[in-house]
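Residue strings, one per chain:
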Amino acid sequence: MPFSSFKDYMPRQDLLAFVVLALLLVVILPLTLDVMRLNQTGKFLSFAFVAVGLVLCWGYGGILSLGQGVFYGLGGYALAMYLKLEASTPENTRIQTTPGIPDFMDWNRITELPWFWEPFYSLTFSILAVVVVPMIVAYLIGLAMFKRRVGGVYFAIITQSIAAILTILIIGQQGLTGGVNGITDLRTLKGWNIHTDSASYALYFVCVALLFACLLIAQYIRRSKTGRILVAMRGQEDRVRFSGYDIANFKIFVFCIGAAFAGIGGAMFTLQEGFMSPSFVGVVPSIEMVIFCAVGGRLSLIGAVYGVLLVSVAKTVFGENFPELWLFAMGLIFIGVVLGLPNGIAGLYATYVGPHVDRLLDRIFGKQTPSEQTQPHLESNSQGATP
Amino acid sequence: MDHSNDSKPFKQTRRKFLSTTVTAITAAVMMASMPMTIQAAAPATAEVNTTGLAVTDNTVKVGILHSITGTMAISEEGSVQAEILAIEQINAMGGVLGRKIEYIQEDGASDWPTFADRSNKLLRQDKVAAVFGCWTSASRKAVLPIFERYNGMLYYPTFYEGLEQSPNVIYTGQEATQQVLAGLDWVAEEKDAKTFYLIGSDYIWPRTSNKIARTHIEQHLGGQVVGEDYFPLGHTSFNSVINRIRLRKPDVIFASVVGGSNVAFYRQLKAAGLDMTKEDFTLLTISVTEDEVLGIGGENIAGAYASMKYFQSLPNENNEAFVKAFKERWGADAVIGDVTQAAYLGPWLWKAAVEAAGSFDVDKVRAASPDIELTTAPEGYVRIHENHHLWSKGRIGHAQRDGQFKVVHETEELMEPDPFPAGYQ
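Protein chains in written order, with our numbering: chain A, 1424 to 1810; chain B, 20 to 444.
Simulated from the structure, these hints should not be mistaken for lab results. Cβ atoms here follow ideal geometry from the backbone N, Cα and C, with glycine treated the same way. Check the hints yourself; a few may be wrong.
Said to hold, decoys possible - Residues on chain B that point at chain A, a partial pick, calculated with CB under 7 Å:
(1) Pro-62
(2) Ile-87
(3) Thr-90
(4) Ala-92
(5) Asp-130
(6) Lys-146
(7) Lys-160
(8) Pro-164
(9) Arg-168
(10) Asn-170
(11) Ile-223
(12) Trp-349
(13) Asn-406
(14) Trp-410
As the list claims (entries may be wrong) - Lysine-lysine pairs mimicking DSS-like chemistry, simulated, CA-CA at most 25 Å apart:
(15) B:Lys-343 <-> B:Lys-268
(16) B:Lys-268 <-> B:Lys-289
(17) B:Lys-80 <-> B:Lys-268
(18) B:Lys-343 <-> B:Lys-146
(19) B:Lys-289 <-> A:Lys-1738
(20) B:Lys-80 <-> A:Lys-1738
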């Protein structure tokens, strides 16, 4: 462990935030929400994986990706393919021309399972694919972009077009992918019905556990030397390069991590919703994921989770109660956040609540040593050079 | 967790016992005091709702689930209007089993996962007795597992590809064979058509419809398919296919192009000099209703034929009353297409099934649904088949410049719905 102590890895304000979030997700929400709302929260949390990845890429690394939906979709589809094959037993599909293949293939007059579907009969392979396939794609994109020093706006535009391309590919190749319908009617995982109430509970807790695993990994990266190099890179890329670091490798690394997180999120969505749709892959959802991150605060891992929850809950509440007006309400929220809160909810917390909490903690646990007080992530937002 | 599981059956029986006792006492009191009114009073809630649906002594909740935002909003708006109109009319007549219908409207936002999410809410939280909704096949596929899991009842209005028969869905539009066979038989007979060119948007419905069409043309009509082309949704450049059509000179262009592509397709066809008002060829579409003509423009599609089960101009008393009521409620400019009428049937069919079952329970409504008939349907007489689709007549409309269709043909008999057509797969 490169940290001299646990406090170095997890300063006490961060620890407090982690504990509060854990309390909220593990204790408070399961006790107060009915199973349908909890299942819905689980689906929201699947986007938190993407947002946490974006905090690393965008907030720390300065890499704005408008194509995270690609990785979310890849992860989701990888698991959906496994579940679809499990659901398409010859008995279940005996009315088809070719029994034993997914129904949408039969509708498209495909008579043989395509070769790339074959490995997805294996659960181990599928779970690996959820993480590895997005990483490989991210690696290739990163290799092509960062090694040529493509960055900033150009990178954002390119990731966006990749999202558009993948959507077109999925919708166009409906015989192989389920097209615009997506992969639907997923029922069981190794014989375990994923639509029961107990499954909803179980999957929610699996989702929360995985989210915390990702958060802890992200915290590790953030507090490590790599995290500091990322921040330095974001501020003054050339300076870091002239100091002898290979910038591209760091960017590729953090971009791959973000992609892997997004893939896990997509897979958790598939499990909790029982289907996967190309509507998560495209440009609009990818931008929405960036908005989640912006609302939460792009420099705060925990803030990103709250951002996802807040925006998703608002979307659902407005959507259910004012079906005609909800889009306007959402628009107003985003404009408000971008204009009023450049650092999102986390920024609000750090400015107004954080100092009080700090004083409170001081009173309870005694004063911190100055070295522990450093919170580089919030102060170092200035993009310009510091003398 | 174990504890609550143990206590549940007891609680339920106690509650059931209480409610039956209360019902019995109420009934006894009413019988003693005024025996004449008992026939007119609504049946007790405990009797008509044993599964915890949102039914009170005076009301019953249903859901309306369509897109009112996003790209599909323009298509689904008519269905929402028709369903609301039907519900209001039913309420004006006294409701269902003495209960007024209250509807909860949710927005699917043209996004299939949102449809799934909202149907979850309607069934699990709101406990609605029925849902009228969905439009695209994709949205129906997204909600289907949820309706089957939580035993909801969905009334689905759109003409669609078939290949489905869920115990939890009543399909009030035509399935593919009804629409395709009626159209092709008519065009073969009336226009003596021998060669066909099939063109559609690239997704499941046009592909399935054309699969049925090709089989029917080749095996039953003795005709020939001279071309079959698909274009991505939203495609707007049809010049290459129009050139192929000119080269191969088919008797019939059989079109299932949907959405915004329609506008480009018909305009480019006209611009290329393929005049549908002349008798050189016949354009037969299964995807253009009065709603689509609004976008395409009546002058661009005049002369084409459409195979549907309903046209706004249909001359019968039911339809005249329906069109009048629709325009009074939603404005004189409103046009009514095939799907809008099918959506209007939903609440009425549900009402009839509930009354036949004497209960709102989904299982009982399902059991009562086969052979439910509606003599007041704007399209005429319809009846629910055992396979949950409707027996209905096929009709051919001739597109006029004013955006309306003139009905030129109607099948003599009701067509049997056949979602899994043997020999056409």
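Any hints this thing doesn't respect? Which numbers, in order?
-> Of the numbered hints, 1, 3, 4, 6, 10, 12, 13, 14, 15, 17, 18, 19 do not hold.
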